[in-house]
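Q: Here are the chains, one letter per residue:
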Amino acid sequence: MDLASIYRAEYGRCVATLARVLGDINLAEEAVQDAFTTALQKWQTPPPNPGAWIVTTARNRAVDRLRRESTREARHAQALLLHHQDEPREVGPVKDDQLRLIFTCCHPALGPEARTALTLRLLGGLDVPEIARAYLIQESTVAQRIVRAKKKIRDANIPYRVPAEHELPDRLPPVLTVLYLMFNEGYASTAGPLIRTELCAEAVRLARELAALMPDEPEVLGLLALLLLTEARRPARLGPSGELVLLADQDRSLWNRALIAEGHDLVRRCLRRNRPGPYQIQAAIGAVHTDGAATDWPQVLALYDQLLVIAPTPVVALNRAVAVAEVYGPAVALAELEGVDLPGYHRLPATRAELLARLGRDDEARAAYDQAVALATNETERAYLQTRRTALSPRERSTS
Amino acid sequence: MTVMKQYLLSVHFVEGAPAPSDEEMQTMFAETGRINDEMQAAGAWVFGGGLVSPDSATVVRVENGATTMSDGPFAETKEHIAGFWVIKCEDLDQALAWAEKCAAACGPVEVRPFDDLSQA
Numbered sequence: 001m002d003l004a005s006i007y008r009a010e011y012g013r014c015v016a017t018l019a020r021v022l023g024d025i026n027l028a029e030e031a032v033q034d035a036f037t038t039a040l041q042k043w044q045t046p047p048p049n050p051g052a053w054i055v056t057t058a059r060n061r062a063v064d065r066l067r068r069e070s071t072r073e074a075r076h077a078q079a080l081l082l083h084h085q086d087e088p089r090e091v092g093p094v095k096d097d098q099l100r101l102i103f104t105c106c107h108p109a110l111g112p113e114a115r116t117a118l119t120l121r122l123l124g125g126l127d128v129p130e131i132a133r134a135y136l137i138q139e140s141t142v143a144q145r146i147v148r149a150k151k152k153i154r155d156a157n158i159p160y161r162v163p164a165e166h167e168l169p170d171r172l173p174p175v176l177t178v179l180y181l182m183f184n185e186g187y188a189s190t191a192g193p194l195i196r197t198e199l200c201a202e203a204v205r206l207a208r209e210l211a212a213l214m215p216d217e218p219e220v221l222g223l224l225a226l227l228l229l230t231e232a233r234r235p236a237r238l239g240p241s242g243e244l245v246l247l248a249d250q251d252r253s254l255w256n257r258a259l260i261a262e263g264h265d266l267v268r269r270c271l272r273r274n275r276p277g278p279y280q281i282q283a284a285i286g287a288v289h290t291d292g293a294a295t296d297w298p299q300v301l302a303l304y305d306q307l308l309v310i311a312p313t314p315v316v317a318l319n320r321a322v323a324v325a326e327v328y329g330p331a332v333a334l335a336e337l338e339g340v341d342l343p344g345y346h347r348l349p350a351t352r353a354e355l356l357a358r359l360g361r362d363d364e365a366r367a368a369y370d371q372a373v374a375l376a377t378n379e380t381e382r383a384y385l386q387t388r389r390t391a392l393s394p395r396e397r398s399t400s
Numbered sequence: 001m002t003v004m005k006q007y008l009l010s011v012h013f014v015e016g017a018p019a020p021s022d023e024e025m026q027t028m029f030a031e032t033g034r035i036n037d038e039m040q041a042a043g044a045w046v047f048g049g050g051l052v053s054p055d056s057a058t059v060v061r062v063e064n065g066a067t068t069m070s071d072g073p074f075a076e077t078k079e080h081i082a083g084f085w086v087i088k089c090e091d092l093d094q095a096l097a098w099a100e101k102c103a104a105a106c107g108p109v110e111v112r113p114f115d116d117l118s119q120a
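As given, the protein sequences belong to chains C and L, one line each in that order.
The working numbering applies: residue 1 is where the first sequence begins, and numbers increase by one.
The working numbering applies: residue 1 is where the second sequence begins, and numbers increase by one.
No lab work stands behind these hints: they were computed from the structure.
All residues carry an ideal CB built from backbone N, CA and C; glycine is no exception.
Take these hints with a grain of salt, some might be off.
[Unchecked claim] Partner residues aside, some chain C positions facing chain L, computed with beta carbon under 7 angstroms:
(1) Asp155
(2) Ala156
(3) Asn157
(4) Ile158
(5) Ala261
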């Protein structure tokens, strides 16, 4: 393994352990960065357990640094270090520390955007310019969000601990949301290139870690399965000239069989537990899409019916309508979309346009495509919608 | 090695909002009393109380050695603090749990940590 991949894999784990030992996230980050700088100079080949090396080096560096400094934070950290002295010395990153850090980064008292930025920074080891590029926002905005969030963690004393069992119903969903949104932004970016692989990869990596840390939480497994089954189809999502290819037209031989097998296995594990939740049901839908040579739409629709009961959101209603169209035809689906309100979301008029086109109502379809194009922010998606609009039969000459 | 931290939980009154009925006021007082007892029993209670309306406020200023006073609240806003608690807890999660109880009784509650430096 090269240093870059070690960094990606170990950074978050090491920061998590050091944050507990030092009682301060900023000190932990500095210490871990110091240790990686040292590694860059010293390693001919990486040691057998690079994480342990980094944690030990970072800890020693932090102790040296704290002895030289006399700020309030430094004194507090020194006290904590003394407090930890009678414990066995860390031999490497501690699993629970990472879990603590995820829950701290995704604490509901932090704003949703801050949660994502902080998670990418502290657990993913992405730097500010990388996060800014991934979300197409100003570096200063990202930096400000991270600084503010860290300040709030310290000032308000947001605890560094894994929530108790009874708190999980409130505390786990924000963590899952952060990973889901991170993946989504990578898979269907709001702007720029349609797919940003590094965000997808990071979300999958963190979801894997979370599933390893909380193997008894079905929704955690469900989220991982959903991400894997979506990620598996990514290679077929863009055509030869970078154009968007929808599920029905995708070359299934391009799908990643290993990820699909892993995803299916997770979905089966979830089914055995029989504690369904929104991520598990979406994963099951993903499993149906990737099973066999074609999608079993009645089964997809049955799953959406189930999803709509526990997550009655307009987006679920929109996705369900797509399945309705396949099972009962476009007219029924169009009628179901009547009451759906999703202001500003291009996929609603895009779906209506598609259904209208199938019904031969080309003029209405054209108008709906125009609405969708106006709302879509991603160039690849806009191009796709334009192509579909152009494919409609030419406008009949007005009779008036 | 548990360091206790103090938090301000404040309840806000919005001008022009419909006034609660007598019955609602009674329930609010009863609920608040129960929360105070619970906070005291848990060792979290530092201080708390309700405030009269902001028109009885006075702002005192000292500038260049001269003291001036003005009638009315510091800021002409539509929202005013109607009451507050100061509590001590181990961390924000504990403070948020108290805030949840307070909010159920009195409406939205703002949770603000005290600056450690100013804490005795």
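Q: Now, for every hint given, state plainly whether the structure supports it.
A: Results of checking the hints against the structure:
no.	hint	in the structure
1	Asp155	holds (5 angstroms)
2	Ala156	holds (4 angstroms)
3	Asn157	holds (5 angstroms)
4	Ile158	holds (5 angstroms)
5	Ala261	violated (40 angstroms)
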